[in-house]
Amino acid sequence: MLKVNNIDVYYGNIHAIKDISFEVAESEIVTLIGANGAGKSTILKTISGLLRSKTGSITFAGESIDHTVSHAIVKRGLAHVPEGRRVFLQMSVQENLEMGNYTQQKSTMHSRMEDVFTHFPRLKERRKQVAGTLSGGEQQMLAMGRALMSRPKLLMLDEPSMGLAPLLVEQIFEIIEELHSSGVTILLVEQNAHMALTIADRGYVLETGRITLADDAKALLANDAVRRAYLGG
Amino acid sequence: MLLVSQLINGLQLGSIYALVALGYTMVYGIIKLLNFAHGEIIMVGGYIALFSLTLGNFHPVVAALLTVAGCTLLAVILEKLTYAPLRFAPRLSLLITAIGISILLQNVAQFFFDAAPRSFPASELFPVGTVMLGNVSVAYTSLVTIVLSIVSMISLTILVQRTKLGKAMRAVSEDTEAAQLMGVNVNNVITFTFAVGAALAGIGALLFVARFPQVTPTMGAMLGLKAFVAAVLGGIGSIPGAMVGGYAVGLIEVLAVYVGLSRWTDGLVFLVLIIVLLVRPTGIMGRKLMEKV
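Protein sequence lines correspond, in order, to chains U and X.
Be aware that the first sequence starts at 1361, since it is given in the numbering used here, and climbs by one per residue.
Be aware that the second sequence starts at 2, since it is given in the numbering used here, and climbs by one per residue.
Next up, chain U with everything else stripped away, as it sits in the complex (with noise of 0.2 angstroms):
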């Protein structure tokens, strides 16, 4: 479903993405681990046309999305959740979920928003509420919820479990699996690499803008080096 095939990505000066190629697999859960600033959230950037590759391709759906601009990569079905969530603090949650929306049809909106409120019930007691004054983990729920309301056919999540306490974490990483049992694909970005690659089908570590290791899930659960340094020992 998404092919990346030897992109490079520079800030300034600052080679950040080096020669990286990877897909995902229609109804796949991937997911990409590493450390703070190997690169992860700058790879999703990169695809959903925040920011530009210098080099190599990315095909999402079979079409190439080089030259697409970001607002037209939304409507082709790849939802990207940013870090840090980035909800609009001074909307209302129904807003947020409105804005959400902004690429399909007003009709099927709240047929869509009834949907998105069966896996967040919470945001259905909160529409009326400014997002800003909800819970970080509600908050996440709220990101996620916009972006499955412009029915995604990839789902691009970047750290969702920041900044959670653990029993957010598990309900948020449970919604995930809810999600993706629901059709959704999944490109996973986290620094919990554990909860990550406990309901992955495959991972990649990254390294630096480098990826150095690419398996299945299970397999880099098992491996001596991804223990040793992304799952405590």
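Just so you know, the hints here were simulated from the structure itself, not pulled from any lab data.
There may be inaccurate statements among the hints.
[Said to hold, decoys possible] Distance condition first, Cα-Cα at most 27 angstroms in a straight line; then the derived DSSO-like pairs of lysine-lysine:
1. U:K1435 / X:K81
2. U:K1435 / U:K1466
3. U:K1363 / U:K1578
4. X:K81 / U:K1488
5. U:K1484 / X:K165
6. U:K1513 / U:K1484
7. U:K1414 / U:K1435
8. U:K1414 / U:K1578
9. X:K165 / U:K1435
10. U:K1378 / U:K1414
11. U:K1488 / U:K1466
12. U:K1484 / U:K1466
13. U:K1466 / X:K165
14. X:K81 / X:K165
15. X:K165 / X:K33
16. U:K1363 / U:K1466
17. X:K165 / U:K1513
18. U:K1484 / U:K1578
Chain X: place on chain U using the hints.
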């Protein structure tokens, strides 16, 4: 009775400041640019209105529509030509560009239209005369100005709060990148914001020349500055703030005259600005971001 008619006078003046202040605050809200060329849009609007009435001999409604359309078109062209290429440049470059455009427009106007003030046939634009409200006589112009600006502000509020485009404007103003990820074409939204601000400035230009019936190449400078003060006073970036700030500046000016400080009006406006900013650095309606992480 003098006080009441002065207050109405202040509302009239305040309406004009509010309309112009909205343009500053909306553009600031969306790209964090203090658009110092905004006052010159009004000046151009003044000349368009003047020439449509005198040279074109157009019906006043046509002249008014031409003025608003001309201001909007000019702002869109300026945005595409000068600000859009600087989208990722440091904000100071944008600010300097805005000041440059302001000076350029003033000089172009001076070159073509002469520096001398031209009198504006206000009576051709709005009916002359007064109406009695109770036992206060109010000029038609005042009434038209107040009503027209309130209608404009209500329309703007509906646009921003209720429509899809308005939500996109708010989204871009809060988090441009996140708005892009929702599928918003940010460039179009920014251009649209400039257009709306300029349309309001066009209306402001008509109301301003109806009140002070002459047109000069520098007429936008002081009006622009006062409206900018109004926007900052209300809380720059806040739409209700610009409205409140506009009326506040208008009322301060006429009350200064009323108490006999007519030579100090401009100074008083800036004094109030300084005091408000000392007490509330974000302005009257400017809000601190409530954020919970």
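Would you pick out the hints that fail for this structure and give their numbers low to high? 4, 8, 16, 18
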